[in-house]
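Residues per chain, in single letters:
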Amino acid sequence: MRKLSITLAALGLATQAGLAQAAPEGDPEKGKQAATMCTACHQADGSGKHVEGGESWPRLAGLNAEYIAKQLHDFKSGKRQNASMMPFANMLSDQQIADVSAYYAQMDATPGQGGENASEAVLKRGEQIAERGDWSEYVVSCKSCHGPDSRGAGATFPGIAGQHAGYIKAQLKAWQEGSRSNDPQNLMGAVAKRMSNEDIHAVAVWLANQSPVAE
Amino acid sequence: MIRTLVYTALSGTVLFSATAAANSYKTGAEIQQYIDTLTEMGFPAPEEDQLVHIPPTMEDLEEADIHPKLKQTIRRGYDLFTNTQQLRGENVFNNMNCSSCHLGEGRMPFSAPIWPAAVTLPDFRGKNGHVNSLEERIAGCFAYSMNGEPPAYGSDDMLALSAYHQWLASGVEMYPKQDIYGRGFPAPDRPEQLSYSNGEKLYQQKCAVCHSEDGSGLRVDNQTVYPALWGDMSNNWGAGMVRIFTAAGFIKNNMPLGQPNSLSDQEAWDIAYYMDNQERPQDPRYTGDVEETAEMFNNFHQHSMYGKDSAGDGGLLGDHENTGDKPFLKPFNVGVPRNFEGNTD
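Residue numbers (the working numbering), protein chains in the order written: chain Y, 1 to 215; chain A, 1001 to 1345.
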């Protein structure tokens, strides 16, 4: 077993090395310069903005760098479609994508917006979906993939606690309709398709009210 | 208020006749909602005369008319069940939570719902050859699946876990005679051939994104998000999940999360076979000789790769003294016989 552990550890290292080679190392300082064009929507502090009834801009501050980079690559390739983002993503080189991602990842996460006026009953339902899911509808909990308190798990599953309600809602609806499908193996799409509009709203406002970082 | 249902099939329509239970939390309509969802997700509808039970949720507990101290105890049981890692280093020596295998907090049909244990035990168990109580059954999970040492019989934690099991069973009669709908991890039929290389390929394609390429899973902030499927942080060789059919049933019915029954039977079995060909901590029933142990517990290990040559690297699986993070081999509850032969009827 000891021998096995060493083999597994070596395999793990090899995997990490493989990833590092595939993606250039990001430089947050350079990322700051490249990010000047992002600030109109995502703000100088990376907080983004909840826009009630409009297109909300996600908070990027404190998100996983690899996750941000993948999204930018997906906007570029058209794997993730968004009319506002595509032209900006297209302007970035692979190196700049790595730099911008590293820049936003090292910023302090800011609070989510858009959950301020939710009723207690709606928040309670949102908490249930996020923490335990609703198995009568086969809707699994957010945290089963997004990690403890839905603050993110690795590079694939972003932190969604403290994200803006409008953005979460729009993304879940996009998955539901099939206009967003850049998740691995349809993991998010399969769940989103089973959610009611009420539950999407409830979970979005509850998550927006949660702290993006452990307190 | 109806919660225990016996299904009868009539002209292709599933109808149910209801027996009123005093302790009821789910209405007939709510139970039907679960059944509709499950059948929509590719699970079979209940068969004629199967016992269908949908346990109450933690939301139902809040509303329940039971003593507040009992509610606290059940909540503690729920908390232990879903965050068993809080017992790490004492009762648990790997990355598992109870809810890692028993999805939906132990409530879901086809994901080894735990309430049947509360209404079918004490009963004889082939695994250890004697009559087991509910506590003893829970202790079995700690010894094998958690690679640990169970909380003591009668301890606060054991009481809380038992109470949670029993609460989930509320309304079901003791020792039901009917077959239970969705009990265990019903396995698909075993295909003629199992393929290690296909299992490996499928695992890397479909499982590794969460459980990692080396099967170690993922932890965040010292909590398990994705359980380890093999290696030191997984269940040991004595856990039910090492039986290939059990793992195949789990995978088919539950994986990838949110997409049950999306894999073919062959795919589920091949992935299970690949997993079972990897190493994990020693079976606590180990005698010091893997082949002897496999033979001694052949009723169990005939279904696992323990004591056999790995289809991967060819080494003899389980031929080691590694107990993972657990600093001992045998917890207090393993190998303890019990018999009443001295009693007269």
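Where hints are given, some of them may not hold.
[Said to hold, decoys possible] Below, simulated SDA-like cross-link-like pairs (lysine to any residue); rule was C-alpha separation at most 25 angstroms, straight line: (1) 124/Y / 1058/A; (2) 79/Y / 1206/A; (3) 193/Y / 87/Y; (4) 1071/A / 1206/A; (5) 1206/A / 124/Y.
[Claimed, not checked] Among chain A residues calculated to face chain Y with C-beta under 10 angstroms, some are: (6) 1041; (7) 1045; (8) 1066; (9) 1070; (10) 1105; (11) 1108; (12) 1124; (13) 1203; (14) 1206; (15) 1209; (16) 1221; (17) 1222; (18) 1223; (19) 1258; (20) 1262.
Simulated from the structure, these hints should not be mistaken for laboratory data.
Values in this document were obtained by computation on a predicted structure and should not be read as measured data.
Ideal placement from N, C-alpha and C gives every residue a C-beta, glycine not left out.
Satisfaction of the residue 1221/A interface hint, Cβ to chain Y closer than 10 angstroms: 5 angstroms, holds
Agreement of residue 79/Y and residue 1206/A with the hint, judged by alpha carbon distance not exceeding 25 angstroms: 19 angstroms, holds
Does the nearest C-beta of chain Y fall within a distance shorter than 10 angstroms of the C-beta of residue 1108/A? 6 angstroms, holds
So, residue 1209/A near chain Y? Judge it on the closest CB pair being under 10 angstroms. 5 angstroms, holds
Interface hint check: residue 1206/A, Cβ to nearest Cβ on chain Y, cutoff 10 angstroms. Holds or violated? Result: holds, 6 angstroms to nearest chain Y Cβ.
Can the hint on residue 1223/A be confirmed by a CB-to-CB distance to chain Y that is less than 10 angstroms? 5 angstroms, holds
Does residue 124/Y sit within 25 angstroms of residue 1206/A, going by the straight-line distance between their CA atoms? Between residue 1206/A and residue 124/Y the Cα gap is close to 33 angstroms, so the pair fails against 25 angstroms, i.e. violated.
Given residue 1066/A as an interface hint, is the shortest Cβ-Cβ distance to chain Y below 10 angstroms? Since chain Y brings no Cβ nearer than about 20 angstroms to residue 1066/A, farther than 10 angstroms, the hint is violated.
Under 10 angstroms is the threshold here; is the Cβ of residue 1258/A close enough to any Cβ of chain Y for the hint to stand? 4 angstroms, holds
Let me know if the C-beta of residue 1070/A comes in closer than 10 angstroms to any C-beta of chain Y, holds or violated. 20 angstroms, violated
Take the shortest C-beta to C-beta distance between residue 1045/A and chain Y; is it under 10 angstroms? 15 angstroms, violated
Would you check the hint for residue 124/Y and residue 1058/A, treating anything up to 25 angstroms between C-alpha atoms as holding? 12 angstroms, holds
When held up to the earlier numbered hints, the structure conflicts with 3, 4, 5, 7, 8, 9, 12 and 13 and fits the remainder.
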